[in-house]
Amino acid sequence: MATETSSEQTNKDNNDNEYVLEVNDLQTYFVSKWGTVKAVDGISFKLKKGETLGIVGESGSGKSVTVTSLMRLVPSPPGHIVGGEVLLEGQDLLKLSDKEMEKVRGDKLAMILQDPMTALNPVFDIEDQVGEALGIHEGLKGNTLKDTVIEMLKKVRIPAADTRMKDYPHQLSGGMRQRVVGAIGISCNPVVLIADEPTTSLDATIQAQYLNLLNELQEETGVGIIFITHDFGVVAKMCDRVAVMYAGKIVEQADVREIFNNPQHPYTQALIASVPKMEENVDRLYAIPGNPPILSKPTLCQTCDAPAPVLVEHKKDHWVAKCAEDSSCPGWFPRDLD
Amino acid sequence: MTSENGALLELKNLKKHFPVGGNFLTGGHQYLKAVDGINLTIEEGTTYGLVGESGCGKSTTAKMILQLEDPTDGEIIFQGRNALDKKSGAQKEYKSKVQAVFQDPWASLNPRMRVENIIAEPLEVNTNLTKGERKTKVGEIIEQVGLHSYQAGLYPHEFSGGQRQRIGVARALALSPKLIVLDEPVSALDVSIRAQIMNLLMDLQKEYGLTYLLIAHHLATVRYMCDKMGVMYLGKMVETADTDDLFDNPTHPYTQALIGAALPYHPDSNKEENILQGEVPSPINPPSCCSYERLCPDPENSGQTIGYKEVGPNHSVAIAADCYDDHGCHYFPRVRQ
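For the protein sequence lines, the chains are C and Y, in the order given. Quick note on our numbering: the first sequence kicks off at 3 and runs consecutively. Quick note on our numbering: the second sequence kicks off at 130 and runs consecutively.
Hints should not be assumed to be uniformly reliable.
Here are the computed distance ranges between Cβ atoms for each label pair [what the hints assert, rightly or not]: (1) C:THR202 x Y:GLU272: 30 to 38 Å; (2) Y:LYS438 x C:ALA275: 36 to 44 Å; (3) Y:GLY436 x C:ASP149: 32 to 40 Å; (4) C:ALA275 x Y:ASN255: 38 to 46 Å; (5) Y:GLY150 x C:LYS97: 56 to 64 Å; (6) Y:LYS221 x C:PRO309: 23 to 31 Å.
If you are wondering where the hints come from, they were derived from the structure by calculation, not from laboratory data. It should be emphasised that the depicted structure is a prediction, and the values quoted were computed from it without experimental measurement. Note that beta-carbon positions come from the ideal geometry of N, C-alpha and C, so glycine has one too.
Extracted from the complex, chain C is given alone in its bound form (with noise of 0.2 Å):
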């Protein structure tokens, strides 16, 4: 309890170097007849004010599980988060009542969602959309509502936004309803952003514009942003911090140079090495045999069978997923290897 209130405290005097939002050990599992899915297995990770957190993994690696976790939208059953600490400028989110969980959502935490057609309802135009977390989180009603529904929609960048805003979301690219799905996002000035592949159903020169919005957004209001993706060029262009996930863990986690620069987990290294380079010709691809795990049965590491990893410091602030037993293995890494 100490602790909370004096994070709290340093998070009021604007220390730009405090944390906040720490994830500790968080767990949740899917349970279901055929057996428990650990779908994120006791993850930490902490991000910083105006830092960009990047986690990346591939499908089922549980990087989409830990962001609902964060926001508490994992459907239950069959979903539980079964332990851990989720401290948002120091309240753990995860002991909140389901109402007082609802006040922070959108608000101090919030969220954009990976494809913009499904994210906005059909049914209602985009001042409606952008103005409902304005109206429950910060009571605005009337003429004030619209004004700031339309200084949100300036905010992302669109044009002719007092007339834009009476459009329904067929009526706009999708790039266009990307940031109006960035508006809904940042409207409450969120202490953090998750952003879950928030352009991969984009083109890539609206994915660039959006990247470079985002960025632009960061910069003005301060927003930790923690952005999903299984992009390394997205990482390389968006992110401080990165966090690899495989098979519901984190097996290394660095400064983005550091990823770049001296990858430590084999897995990192392959992925690295697996994606083509448009700036070069290679003649051969280094391509990773096997498939992830299947994560009902126990993932044990392909070099030395061990059940489960331990983090290790390679040096300060670069953390890798190793083997405790077995000191030669290069990291835990369980693979399919049919």
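Starting from the structure of chain C, add chain Y where the hints point.
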């Protein structure tokens, strides 16, 4: 067998216009020009990459090559013969020599068929092989794509995404085709699996002398796999060149923007940022080209027809024909925000 210039497939002024608007009595009054007069030549044993953003017409082009859409105008020449000639009976042969691998390995395999039947189906339709011969052939193909013969009796849901895409490749290989149209073959796969499939496709190409048409939006994939490439924009080809040449000397402003918008491969990569503003205009009534470049003295009345200028060996770039020579204005309509 190829035509005299070594081309396996040639598209000549190929067009596909879809009627839109109007009603069932009067018919369409307007046309969406999905593909509007493209030319390309694919040489035997090479890979041709077609890139562009969604709506540029690259998938419609692929569908016309696969004869899933009838072209509005233009020619498809395959091995020196007109592939659109419906009378000659060459249609069946064409369709067995041109196969496809689709983007989504979840949607493109019938969930109720066993893998062996999925791969055997093209053989059943197009060849006179007996059941036993088909089974042997299927067993061979399964091994070629890196699966095990004991997996032939399984259903698609029992495989991972990468393995499913291997099944898609096996089905395309069944009839020993000449040309395979690869429509975004890796974009639905996980990053750790993509290199496996790209390498498999390149190995098969070397072994069987296959020719590929690769449709992709990811430029690095195209650079890795393709010998030549074309950039499409709004139904037109705006630049064609040898792949390395195109990446080293992009000439059309859209190609430059596409390369500029691609993500860096390293946080310190000092890649020149060239963020294109605005959006692609509607292909129904696209504005004239000069709405972007503003070099044209008469933007209202020019830039609707395009021509091509050779800027190097095998390297041509679209220009507004009306501005040709005088200004060198590139064909590039764009909606400003």
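* Range hint compliance [Cβ, LYS221 of chain Y to PRO309 of chain C, 23 to 31 Å] -> With a Cβ separation near 56 Å, LYS221 of chain Y and PRO309 of chain C fall outside 23 to 31 Å, so the hint is violated.
* Distance restraint hint 30 to 38 Å, applied to the beta-carbon atoms of THR202 of chain C and GLU272 of chain Y -> holds (34 Å)
* Is 38 to 46 Å a correct range for the gap between the Cβ atoms of ALA275 of chain C and ASN255 of chain Y? -> holds (40 Å)
* Can you let me know if the beta-carbon spacing of GLY436 of chain Y and ASP149 of chain C is within 32 to 40 Å? => violated (51 Å)
* Whether the CB-CB distance between GLY150 of chain Y and LYS97 of chain C falls inside 56 to 64 Å -> At 58 Å between Cβs, range holds.
* 36 to 44 Å as the expected CB spacing between ALA275 of chain C and LYS438 of chain Y, which holds or is violated -> holds (39 Å)
Checked against the numbered hints given earlier, the structure breaks hints 3, 6 and satisfies all the rest.
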